[in-house]
Amino acid sequence: MHPVLWAAVITGALSVAFWFSLFHHMAGPHRKLAWVAILGLPLSLVVNLGMKGPVYRGVASFAGISPEEALASAPVWFLAFRLLLSPLAEEAVKVAPVALPGLRRRLVGQGAALWLGVYLGAGFGLGEIGYVGWRLSASAALAEYPVWMFTGFLAERLAGTCAHGIMTGVLLVLAVKGRYGWIAGFLSAVGLHTLANLGALLAQVGVVTLGQAQIWFYGVFVLMLLLFLRFNRQSVAASPGPAQVVFRRPG
Amino acid sequence: MNVFPAASSRGSYWILGMTLVILGLVVMAWLIGVWWLALVFLPFALFSLLLALWLPGMRYELGSQALMARCGPFRFTLPYGEILEVARQDLVLNPISSVRGPGFALLWVPYADEGVVMMCATRALKDILLVTTVRRKYGITPGNMEGFLEELSGRLQES
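Top line first, the protein sequences correspond to chains A and B. Note that this note's numbering numbers the first sequence so that position 160 is 160, with each residue one more than the last. Take any residue in the second sequence, count from 1 to its spot, add 251: that is its number in this note's numbering.
No lab work stands behind these hints: they were computed from the structure. A portion of the hints provided could be inaccurate.
For lysine-lysine, the following DSSO-like pairs were computed, each having C-alpha atoms within a straight-line distance of at most 30 Å [to be verified]: (1) A:32 with B:388; (2) B:377 with A:32; (3) B:377 with B:388; (4) A:32 with A:177.
So here's chain A without its partners, still in its complex pose (with noise of 0.2 Å):
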């Protein structure tokens, strides 16, 4: 087997492991919506090869530009296209499933709100692993190097897989607050996912380094977290879980 595709188990495995679990204590009573990973799990091969990749070459063949050439040369209307067209097109369809009946009559208060989002993007980040390993691993250079080479590709995408969930966990919790909530909700998710892929734009322009594109990645997530950690306890102070009273103070 590829050793990206040996990276793309570990990385799977490892989040499932790491986040998931983490999330399980996180969520108190809405861990029983983990489930909903699991509708989200095929939605980024269904967006890559369904919506992103046709548009993406329709309009590169429009503007005269070969897909695979490089983007230093580009217009710059062509590189806001390009920066946009993943916030917009995953953003959106990682929150479809709310629209089944089911999954709608859940998104009652911000604690549902926001678990249903965490899970449904992140079960799209876990998909994302997957996608993202098997388009690599069509690399035959990448065929040659060993395994534990793919470091990289681990780190990003088990942060990916966590930031997916937080910024759908940040539409649904947005979208549930008013009447343009969902307008709200879903320009703040889009623009939390343009910040996060903008460094990795810069560094195929050339304008930064890889490594810079990296520690502006993970800059971005870690904003993203203290997000998701404000949210979770706004959630949490608003249904507090059952507790027993043994004694009270009177007065």
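With the hints as your guide, set chain B onto chain A.
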């Protein structure tokens, strides 16, 4: 004074495992010549080792004036008159960690639902006896929970 040992846990084994990992880092740092890094890791290894030794002796003492939670050199005194509420509940994890792991939680531990709780417990999340005082919240896990609660309730009613 009645003494109640904390519930048994496998926390010590986890901490010993952690100690071995940290000692491994110390040895690696020393071998590659980064001796200052070894010196940075060494106090953590020592603290982990001591923690593993202290944990099995964790206990709660119901004295005439106060409840005292003890683990090694750490002692928390909770005068009965200052206790506002005692509740038995599960706590929700906040991944920003302190001295906490499977089977142990000690000192200031942040939780998503209760904020920072002063823990002296052999469980980190499940079935914690949360004692709210006028100053802060404490989390404890007596082995004989029913017996402890009966005794504590009696003393709190008298206070």
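Hints versus structure:
Straight-line distance between C-alpha atoms of residue 32 of chain A and residue 388 of chain B comes to about 29 Å, which keeps the hinted pair within the 30 Å bound. Using a Cα cut-off of 30 Å, the hinted pair residue 377 of chain B and residue 32 of chain A holds, with the two alpha carbons roughly 17 Å apart. Restraint check for residue 377 of chain B and residue 388 of chain B: the C-alpha separation of about 16 Å stays at or below 30 Å, so the hint holds. Between residue 32 of chain A and residue 177 of chain A, the direct Cα distance comes to roughly 22 Å. Compliance with the 30 Å bound is thereby established for this hinted pair.
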